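Q: Below, each chain spelled out in residue letters.
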Amino acid sequence: MKPVNYISSIGLVLSMLFGVTSSMASDTASKAIMVQNPHVREVPAGQPNSAAFMTLMNHSGVNHAVVSAESSVAKVVELHTHIKEGGMMKMRRIDKIDISANSKTTLKPGGLHVMLIGLKEGLTAGEKVSITLVYEDGSRHEISAPVRKINMPMKKMVH
Amino acid sequence: MFVSIDPQRDTPSQLKDYTKYFHPSIIGITGSEEEISSVAKLYGVGYQKVVQDSATNYTVDHTSETYVIGKDGKLMERLAHGTPASVIIKSIRTYL
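From first to last, the protein sequence lines stand for chains C and S.
0 is the number of the first residue of the first sequence in numbering that gives the first Met the number 0; add one for each residue after it.
0 is the number of the first residue of the second sequence in numbering that gives the first Met the number 0; add one for each residue after it.
Don't take each hint at face value.
[Stated by the list, open to error] Beta-carbon label-pair distances, calculated as ranges:
{"id": "1", "chain 1": "S", "residue 1": "Ala79", "chain 2": "C", "residue 2": "Thr105", "range": "32 to 42 Å"}
{"id": "2", "chain 1": "C", "residue 1": "Lys30", "chain 2": "S", "residue 2": "Ala84", "range": "38 to 48 Å"}
{"id": "3", "chain 1": "C", "residue 1": "Thr123", "chain 2": "S", "residue 2": "Ala84", "range": "19 to 29 Å"}
{"id": "4", "chain 1": "S", "residue 1": "Ala54", "chain 2": "C", "residue 2": "Arg139", "range": "47 to 57 Å"}
{"id": "5", "chain 1": "C", "residue 1": "Val66", "chain 2": "S", "residue 2": "Ile28", "range": "21 to 31 Å"}
{"id": "6", "chain 1": "C", "residue 1": "Gly125", "chain 2": "S", "residue 2": "Phe21", "range": "12 to 22 Å"}
{"id": "7", "chain 1": "C", "residue 1": "Ala100", "chain 2": "S", "residue 2": "Phe21", "range": "33 to 43 Å"}
{"id": "8", "chain 1": "S", "residue 1": "Asp16", "chain 2": "C", "residue 2": "Ser102", "range": "23 to 33 Å"}
{"id": "9", "chain 1": "C", "residue 1": "Thr131", "chain 2": "S", "residue 2": "Ile28", "range": "21 to 31 Å"}
[As the list claims (entries may be wrong)] In silico lysine-lysine, BS3-like type, Cα no more than 27 Å apart, as pairs:
{"id": "10", "chain 1": "C", "residue 1": "Lys89", "chain 2": "C", "residue 2": "Lys74"}
{"id": "11", "chain 1": "C", "residue 1": "Lys103", "chain 2": "C", "residue 2": "Lys30"}
{"id": "12", "chain 1": "C", "residue 1": "Lys83", "chain 2": "S", "residue 2": "Lys40"}
{"id": "13", "chain 1": "S", "residue 1": "Lys89", "chain 2": "C", "residue 2": "Lys148"}
{"id": "14", "chain 1": "S", "residue 1": "Lys89", "chain 2": "S", "residue 2": "Lys70"}
{"id": "15", "chain 1": "S", "residue 1": "Lys48", "chain 2": "C", "residue 2": "Lys74"}
Since the hints were made in silico from the structure, they are not lab data.
Keep in mind that this is a model prediction, so the values were computed, not measured.
Heads up, the beta-carbon is just placed ideally off N, CA and C, and yes, glycines get one too.
When you get a sec, could you build the whole thing from the sequences and use the hints?
A: What follows is the structure, given as structure tokens:
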């Protein structure tokens, strides 16, 4: 009886070790990405859309990307960016937001943002909006983003 | 005064709510496509409607400068999109 018990406990230890190493080698994006300072723009009554901003930090050695987002406060959620081209401000839908290995990507007014289209109700400062980020490997990350009044929409000017 | 170049989306009552949100003294205004186009030309404002694959259906590309106009109606300064409030205040005080 005793030798059999030894063998099975060694087997258990080995499988635990394997479990730890394999999860370190292939962490899901949702585990590798840290979301900082998420917030949603407060919008005036009657405005159909708003946007969410945040900083995405990739602490792993693997490139990751947000490929879509979901939220119950809006009918549709898309990934958008603003580009300035030929003196014009252009807002465009994009397929993904990249977060390169060991770097960060900042979503901010005038640039990358998660667009909340067709708001089901008004968004007032102090409320919290639940947003789920979906990464390229299918992993998901639900965040709670407070609604804030954002007065200054853009980057600082250099004179 | 805030002139919307998208009369399809921005009705006068929506504009009222929108401008009131930023300051009660701001007046929201829009018009027919022809009227907006002629005013835009006077100001050197450029815009174009772009249809894209998005639930927003279309987006309006636009120039985004703020014009500082003097008491005599002359253009004094053009401020780029995103100019900090402190710079805007300084500019307004210069021409008051």
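Q: Now tell me, hint by hint, if it's right for this structure.
A: These are the hints, each one checked on the structure:
Separation of Ala79 (chain S) from Thr105 (chain C) is about 21 Å and departs from the stated range, judged on CB atoms against 32 to 42 Å. The supplied range of 38 to 48 Å is met by Lys30 (chain C) and Ala84 (chain S), whose beta-carbon atoms lie about 40 Å from each other. Distance hint check for Thr123 (chain C) and Ala84 (chain S): the Cβ-Cβ separation is about 23 Å, which falls inside the suggested range of 19 to 29 Å. Range check, Ala54 (chain S) to Arg139 (chain C): Cβ separation about 21 Å, and the 47 to 57 Å hint is violated.
Restraint check, Val66 (chain C) to Ile28 (chain S): a C-beta distance of roughly 40 Å breaks the suggested window 21 to 31 Å. A beta carbon spacing of about 19 Å between Gly125 (chain C) and Phe21 (chain S) agrees with the range 12 to 22 Å that was offered as a hint. In this structure, Ala100 (chain C) and Phe21 (chain S) meet the distance hint of 33 to 43 Å, their C-beta atoms being roughly 41 Å apart. Remark: the range hint 23 to 33 Å for Asp16 (chain S) to Ser102 (chain C) is contradicted by a beta-carbon distance near 40 Å.
A beta carbon spacing of about 40 Å between Thr131 (chain C) and Ile28 (chain S) contradicts the range 21 to 31 Å that was offered as a hint. For the suggested pair Lys89 (chain C) and Lys74 (chain C), the alpha carbons sit about 23 Å apart, so the restraint of at most 27 Å is met. Annotation: proposed proximity of Lys103 (chain C) to Lys30 (chain C) holds, straight-line Cα distance about 15 Å (limit 27 Å). Restraint check: the Cα-Cα separation between Lys83 (chain C) and Lys40 (chain S) comes to about 20 Å, which is no more than 27 Å; the hinted pair holds.
With a C-alpha separation of about 24 Å, the suggested pairing of Lys89 (chain S) with Lys148 (chain C) holds against the 27 Å cut-off. Proximity of Lys89 (chain S) to Lys70 (chain S) is assessed by CA-CA distance (about 16 Å); at most 27 Å being required, the pair is judged to hold. Under the criterion of a C-alpha separation no larger than 27 Å, the hint pairing Lys48 (chain S) with Lys74 (chain C) is consistent with the structure, at around 23 Å.
Hint compliance for this structure: hints 1, 4, 5, 8 and 9 are not met, and every other hint is.
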